[in-house]
Amino acid sequence: MNAPSLPGPLNDNPRLDLWVSFPAPGKVVVNTGRVELGQGVLTAMAQIAADELDVAITRVTVRSGVTDGMPNEGYTAGSQSIQFGGLAMGQACADVRALFIARAAKVLACATDELSVRDGAFYRNGAATGQDYWTLAPAIDLAVNASGLARRKASADLRFVGQSSARSDLPGKIFGDDVFIHDMKLAGMKHARVVRQPNKGASIGTIDEASIRRAAKGAIEFVRSGDFLAIVGDSETAVELAGAASVNHVTWTNIETPTPLQQEANWLLQRPVIDRLLGPPEPSDAQGKQRFEATYSRGYLAHASISPSCGLAQYKDGHLTVWTHCQGVFPLRSALARTLKLDPKAITVHHVQGSGCYGHNGADDAAADAAVIAMQLPGTPIRIRWRREEEFIYEPKSPAMLVKVRALIDSAGKPADWTAEIWSGNHNGRPGGGNALLAGYALPDQEPLPQANEVPEAAGGGATRNADPLYDIASKRIIHHMVTETPVRVSALRGLGAMPNVFALECAIDELAERAAIDPVAYRLSITTDMRARAVIEKVAAMANWQTKVPGGNGAGRGIAFARYKNRAAYSAVVVDLEVDEEIRLRHIWCATDGGLIVNPDGAINQLEGGVIQSASWVLKEQVRLDGGTASIDWDTYPVLKFSEVPPIDIALINPTSSDMPLGVGEATAGPTAAAIGNAVSHALGIRLRDLPLTRERIMAALLQE
Amino acid sequence: MTNVDFSVNGKPVSVAIDNEDTPLLDVLRNELGLMGTRFGCGLEQCGCCMVLIDGAPEKCCAKPVSSIAGKNVTTIEGLGTQDAPHPLQQAFIDEQAGQCGYCLSGILISAKALLAANPSPTRAEIALALDGNICRCGSHNRILRAVEKAAAVMRGA
Numbered sequence: 026m027n028a029p030s031l032p033g034p035l036n037d038n039p040r041l042d043l044w045v046s047f048p049a050p051g052k053v054v055v056n057t058g059r060v061e062l063g064q065g066v067l068t069a070m071a072q073i074a075a076d077e078l079d080v081a082i083t084r085v086t087v088r089s090g091v092t093d094g095m096p097n098e099g100y101t102a103g104s105q106s107i108q109f110g111g112l113a114m115g116q117a118c119a120d121v122r123a124l125f126i127a128r129a130a131k132v133l134a135c136a137t138d139e140l141s142v143r144d145g146a147f148y149r150n151g152a153a154t155g156q157d158y159w160t161l162a163p164a165i166d167l168a169v170n171a172s173g174l175a176r177r178k179a180s181a182d183l184r185f186v187g188q189s190s191a192r193s194d195l196p197g198k199i200f201g202d203d204v205f206i207h208d209m210k211l212a213g214m215k216h217a218r219v220v221r222q223p224n225k226g227a228s229i230g231t232i233d234e235a236s237i238r239r240a241a242k243g244a245i246e247f248v249r250s251g252d253f254l255a256i257v258g259d260s261e262t263a264v265e266l267a268g269a270a271s272v273n274h275v276t277w278t279n280i281e282t283p284t285p286l287q288q289e290a291n292w293l294l295q296r297p298v299i300d301r302l303l304g305p306p307e308p309s310d311a312q313g314k315q316r317f318e319a320t321y322s323r324g325y326l327a328h329a330s331i332s333p334s335c336g337l338a339q340y341k342d343g344h345l346t347v348w349t350h351c352q353g354v355f356p357l358r359s360a361l362a363r364t365l366k367l368d369p370k371a372i373t374v375h376h377v378q379g380s381g382c383y384g385h386n387g388a389d390d391a392a393a394d395a396a397v398i399a400m401q402l403p404g405t406p407i408r409i410r411w412r413r414e415e416e417f418i419y420e421p422k423s424p425a426m427l428v429k430v431r432a433l434i435d436s437a438g439k440p441a442d443w444t445a446e447i448w449s450g451n452h453n454g455r456p457g458g459g460n461a462l463l464a465g466y467a468l469p470d471q472e473p474l475p476q477a478n479e480v481p482e483a484a485g486g487g488a489t490r491n492a493d494p495l496y497d498i499a500s501k502r503i504i505h506h507m508v509t510e511t512p513v514r515v516s517a518l519r520g521l522g523a524m525p526n527v528f529a530l531e532c533a534i535d536e537l538a539e540r541a542a543i544d545p546v547a548y549r550l551s552i553t554t555d556m557r558a559r560a561v562i563e564k565v566a567a568m569a570n571w572q573t574k575v576p577g578g579n580g581a582g583r584g585i586a587f588a589r590y591k592n593r594a595a596y597s598a599v600v601v602d603l604e605v606d607e608e609i610r611l612r613h614i615w616c617a618t619d620g621g622l623i624v625n626p627d628g629a630i631n632q633l634e635g636g637v638i639q640s641a642s643w644v645l646k647e648q649v650r651l652d653g654g655t656a657s658i659d660w661d662t663y664p665v666l667k668f669s670e671v672p673p674i675d676i677a678l679i680n681p682t683s684s685d686m687p688l689g690v691g692e693a694t695a696g697p698t699a700a701a702i703g704n705a706v707s708h709a710l711g712i713r714l715r716d717l718p719l720t721r722e723r724i725m726a727a728l729l730q731e
Numbered sequence: 003m004t005n006v007d008f009s010v011n012g013k014p015v016s017v018a019i020d021n022e023d024t025p026l027l028d029v030l031r032n033e034l035g036l037m038g039t040r041f042g043c044g045l046e047q048c049g050c051c052m053v054l055i056d057g058a059p060e061k062c063c064a065k066p067v068s069s070i071a072g073k074n075v076t077t078i079e080g081l082g083t084q085d086a087p088h089p090l091q092q093a094f095i096d097e098q099a100g101q102c103g104y105c106l107s108g109i110l111i112s113a114k115a116l117l118a119a120n121p122s123p124t125r126a127e128i129a130l131a132l133d134g135n136i137c138r139c140g141s142h143n144r145i146l147r148a149v150e151k152a153a154a155v156m157r158g159a
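So the protein lines, in turn, are chains A and B. For the first sequence, the positions run 26 to 731 when our numbering is used. For the second sequence, the positions run 3 to 159 when our numbering is used.
Okay, chain A solo, but in the shape it has when bound (with noise of 0.2 Å):
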């Protein structure tokens, strides 16, 4: 019989002692490549190490995030942690538990099948063995690799997955505890800040330091290297003061001055690119078939984390300690191996949570600016915290996008072939990428960085992310134009090129229902015969009463929209109600997701909804501002969605407990939310309006147009 496949992070990190210890008798530990960013990761891996070992989840401990001693996951992202590392999880604990089981029979000199496990206890028959776990555990070797043979609990005998589980990192959130990377503090700890290079290439001028410490009121020193300059004191309060005044009080050369123009996303059209067409090239001719062309887009956003980002490092006897809240420890410690000229076994990376990034937010940069620094002072703990503004400044923005649709539509007004053409940045600006820390930019003697590959498909694609349409359409391709330089740095946020995507391909889809004057649920069904697919178009259609034909450019609207995920995670559809006069105001929204196996159904729901409400907010204000440099720097010139702003929010999960199969839930519904409000706006004005953010500028000029 061949080896099983095991799942990929198992595979990738085969010892079973990386997963899975039980360190004193009636604990257990558990360790997952994944980190908790708020989305309660480890509360569904400590249900999943429940059920395979038979163990309350009360003796389970998860621990997560530490380059020593633990699986290497790589990144917390992309809606993967439960889809995937779950899988892992669950295949580790089930080959410990059988190599466990093996151990006690021979024991008790029994078969296998006379025993079961309750509670970490073994049974022969039914009846107490005296053995458990913490017995057998120091005979049993798990520095051996997952075999894969185990067979995982079928989802009947499951008794904690599918059931909502209190998340375990919540409590400490609402009673105040110190439970974030910025709560930290280690003996000696000095608070640093830096000056930061205003772009890549900017060079120091004139530094003013008479005046950055008077500002400071308080004692304060400069570190610097290069053109990387920071501040280090023992006082939070004068390191804030003199950073903030050191923008003013610091020349630099080279720098780059970006325009409104630069912003938007239709500047992409006129930038060097990087092409590759998938698919079949696009037919030349219309073969008789009826054209549809349009274009939509989307500007630069931000993550805008409601925390900016906070790193500690420490160097001391040759080794150098980080505590980050980004999203891969293992990448970011080869990023700063490079970086810092350092072996990677020399470093030691601590995930601690953050506040939410939702992709790759400063996080990586605050941790490697506090490397940095603690390098030049030996043994001396050191903390860096980003002010306001520089997090929105620096952090990397999610790339404007600009999506064309071409399809050609048979005489039923169905699509017989489509093409989507997209110009974008890359959504892969991340360290481990290949790419530079910020700190990289500024200081001496850095290696050049070879040109930044975009996510690759067989990962969900970056910019071509949900932009083959699920549908039925006989010949689909992508065009896919990756602009090299953009005018501000980019990288991931939550879906990568689902949002736009999703928004064009879904508004066009509604554009096409139209022409043919067939309803947008009937008509999206007409082209679907993947039955998950309908089964959500369905669902939504019934939770909000969907009726047929209901007349449109009255101010009111509503508006559905439909994706699953990378085309491989889970499905969901969404249908928004709202109303418009100069702004859009949401009154309902519905959502309906099939994510297969749900490990813990209310946090699967919170992922959800909190995807619904990101998004609105992307759709309804955001758009980073470049005005001579980012002139979104804090939450009046980047607003967000309010808590008035929010509306009713229904979700319903579809047959949760049916599949064994998990789909990645996290990043399901940004894009049909978006695409949704994008149908509704039309249908409530009559008027398409296909770039994003839908602004009350744009409303107008929409408006006065007609």
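Simulated from the structure, these hints should not be mistaken for laboratory data. Owing to the predicted nature of the structure, the values given are computational and were not obtained by experimental measurement. Certain hints may be false.
Quick list of in silico lysine to any residue cross-link-like pairs, SDA-like style, CA-CA up to 20 Å [stated by the list, open to error]: (1) LYS65(B) <-> ALA269(A); (2) LYS242(A) <-> MET3(B); (3) LYS242(A) <-> GLU22(B); (4) LYS667(A) <-> LEU130(B); (5) LYS429(A) <-> ASP310(A); (6) LYS178(A) <-> ALA123(A); (7) LYS667(A) <-> ASP133(B).
Quick list of the computed label-pair ranges, beta carbon to beta carbon [as the list claims (entries may be wrong)]: (8) ALA191(A) <-> SER9(B): 30 to 36 Å; (9) ASP497(A) <-> ASN120(B): 51 to 57 Å; (10) ALA119(B) <-> ALA191(A): 29 to 35 Å; (11) GLY213(A) <-> PRO14(B): 26 to 32 Å; (12) GLU472(A) <-> ASN5(B): 50 to 56 Å; (13) ALA86(B) <-> SER684(A): 39 to 45 Å; (14) ASP133(B) <-> GLN476(A): 41 to 47 Å; (15) GLN476(A) <-> THR4(B): 53 to 59 Å; (16) GLY404(A) <-> VAL15(B): 31 to 37 Å; (17) GLU472(A) <-> PRO14(B): 53 to 59 Å; (18) VAL15(B) <-> PRO403(A): 34 to 40 Å; (19) GLN476(A) <-> ASN5(B): 54 to 60 Å.
Idealized CB from N, CA, C, for every residue including glycine.
We have chain A; now place chain B onto it with these hints.
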């Protein structure tokens, strides 16, 4: 060096500061070790640093500590503990109201001030009262439900 005397969560404190403009938030976190009040912006925009000053909700990230001499400050640590949670905290746990949770200290403080002034707020009134607090993860509706639930508990309903 100046001394500023005030009270935090019912206990008198006296802090010695070099710079009278030192924000109350820095004093709470770095001098008094009360880390529950979070830094979000330093611009009085996001509400992560909300505390009660003589019962009124105020952002303290840019509020000079010298301006609160003699006043009573309540922070999230003054609400309740895991063993004896405030009804708001219990309701937030019951509703699993939060994701990253960084905004929650400030939101709980704003909610406490609201319920003190208006024990039976409508959902719209709760939302308006929380408009000075930013939640980026999208836990808004859970938070609104939790505040409604706490209000009902506190009314004895």
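Could you tell me which of the numbered hints above are not met by this structure, giving the numbers in increasing order? Hints that this structure does not satisfy do not exist here, as all of them hold.
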